[in-house]
Each structure stands twice: as C-alpha cells, then as structure tokens.
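K.L.:
Listed below are the residues making up each chain.
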Amino acid sequence: GESVGLHLPTLSVQEGDNSIINCAYSNSASDYFIWYKQESGKGPQFIIDIRSNMDKRQGQRVTVLLNKTVKHLSLQIAATQPGDSAVYFCAEANSGGSNYKLTFGKGTLLTVNP
Amino acid sequence: KAGVTQTPRYLIKTRGQQVTLSCSPISGHRSVSWYQQTPGQGLQFLFEYFSETQRNKGNFPGRFSGRQFSNSRSEMNVSTLELGDSALYLCASSLVGSRETQYFGPGTRLLVL
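Residue numbers (this note's numbering), protein chains in the order written: chain A, 1 to 114; chain B, 1001 to 1113.
Read the hints as simulated data drawn from the structure, not as lab findings. Computed from a predicted model, the values in this text were never measured in an experiment. A hint or two may mislead.
As the list claims (entries may be wrong) - Here are the simulated DSSO-like cross-link-like pairs (lysine-lysine), alpha carbons at most 30 Å apart as the crow flies: (1) Lys1013(B) to Lys68(A); (2) Lys42(A) to Lys1013(B); (3) Lys1057(B) to Lys106(A); (4) Lys106(A) to Lys68(A); (5) Lys1013(B) to Lys106(A).
Said to hold, decoys possible - Pulled from the structure, derived: some chain B residues nowhere near chain A, Cβ distances all over 12 Å: (6) Ser1027; (7) Arg1030; (8) Ser1033; (9) Gln1041; (10) Phe1047; (11) Phe1104; (12) Arg1109.
Each residue gets a CB set at the ideal place from its N, CA and C atoms; glycine is no exception.
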C-alpha cells in the first residue's frame, strides 16, 4: 500500500550548519511531492514542492532532491537558523489519480542549537 | 490575502457527544480538504470537497462527515465522539488549477474526555 516514511525521527544541528532531512516513499505512481514545516501550535506550512519529472528544485535556502530510482526524497536547508526548528513532513500524491490525496510521512523534528 | 481560518481553535467534549468544526479557505480557493493529526498516526486524510461536493474520502468511519457551502466554506462533523477522536483537525485549501498545493489552517484541537 501507499506509505511515506522518514529515516530519522529527530535531527539536531548547530546554527549556521546545513540540514538534510530524508524521506522514503513506496508508491511508484506518486508524481508530486511536497515538504511542509510545522511549528508548535500551527498548521503545516508549505515549503517547496517537486514533480517527478525533476530531480532537483531550489527555493530560498532550501533544496529538494528527488531520486526516483530508490524512491527517496530529501530536503536540504542551508545555513540553518533557530527559526527553522520545527517538524518537517514530506508528502506524496498521484496527481493523475481519480482519488487524489496527500499521503504524509510521520515527520522529523529539527532542532537548531544556537 | 488572509490564510485559512478554522474555528474554534480548541474544543473539549465528552464521549458520545457530537462536534462541528468550521473552515474558511483562502479567498479564491474552492477545494477544501480535512486531515486528522495525532501523535500515533500522524496526518491522515479525511475528505476533500469541491463545489459543494465530496470529491474524495479517506479511511474513516461514517461518524466523520463534512460539507461545503456555496462560498467554499466547509464544516466537518464527528458524531458519537470516542476518546480516540482526540486530535488536531486540520483544514487545507487549494486553487482549482493547483489542486496539489494545499495551504493549511492552524487547526482545531479537539479533546474528548
């Protein structure tokens, strides 16, 4: 069945370092992937997305990498700041499916130490 | 542009009661999806509404229902509440032409005693 999982439930980094959050997915039909950031007491906030016809996409301080061969997704955050501390979720979807929905991973807690 | 708003933000109910949660999408967004978030199960899809019609439904019992109004506002209802229904209920909206990109509200924290 569909599933999206994360390799590391927690990640602790020093301020200024780069962070890498990983995600594995199992549905080969998924063609759209999103990273969300969820701070305490808030709903998930859209960070960046990528479609399966791409293997890399960059945003402001963030980069998403997609490796379809091994069904792996990663989020790289450059120069991590204390404000980046949050839970990060990856989500996948089959945009062409009749029953479109986002399937979320369990989340990774990122802690940035000053 | 205002974001997705959800009311109430916090709610305490007892087993057997029913509850109605409300969601107002971003202006111009016509698709509304609902999710349940718990520590054990994470974020799980409940249902999606578009043009006042349920377009998709997750694997939840019939006690969970929803509807959408002509102004795209949506409500979800949970009847005969169980302790396990305690969760953060999140609403997300998206544009018609960009269904995949969903923007979430702050959620309604429901505690069932």
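K.L.:
Each hint: holds or not?
P.N.:
Hint-by-hint comparison with the structure:
1. Among the hinted pairs, Lys1013(B) with Lys68(A) is inconsistent with the structure: their alpha-carbon atoms are about 45 Å apart, more than 30 Å.
2. Straight-line distance between C-alpha atoms of Lys42(A) and Lys1013(B) comes to about 21 Å, which keeps the hinted pair within the 30 Å bound.
3. The straight-line distance between the Cα atoms of Lys1057(B) and Lys106(A) is roughly 20 Å, inside the 30 Å bound, and the hint therefore holds.
4. Pair hint Lys106(A) plus Lys68(A) holds up; C-alpha atoms about 20 Å apart against a cutoff of 30 Å.
5. With a C-alpha separation of about 27 Å, the suggested pair Lys1013(B) and Lys106(A) falls inside the 30 Å cut-off, and the hint holds.
6. The Cβ of Ser1027(B) sits about 17 Å from the closest Cβ of chain A, beyond the 12 Å cut-off, so the non-interface label holds.
7. Residue placement check: Arg1030(B) keeps its beta carbon more than 12 Å from all beta carbons of chain A (closest about 14 Å).
8. Listed as outside the interface, Ser1033(B) is inconsistent with that label: its C-beta sits roughly 7 Å from the nearest C-beta of chain A, within the 12 Å cut-off.
9. Distance check for Gln1041(B) against chain A: the nearest CB is about 9 Å away, which does not clear 12 Å, and the non-interface claim fails.
10. Chain A draws Phe1047(B) into its interface by the beta-carbon criterion, the shortest separation being 9 Å against a cut-off of 12 Å.
11. A Cβ of chain A approaches the Cβ of Phe1104(B) within 12 Å, the least distance being about 4 Å, so the stated non-interface status is violated.
12. The claim that Arg1109(B) lies off the interface is violated: its Cβ sits roughly 9 Å from the closest Cβ of chain A, which falls inside the 12 Å cut-off.
Comparing the model with each numbered hint stated earlier shows that hints 1, 8, 9, 10, 11 and 12 do not hold.
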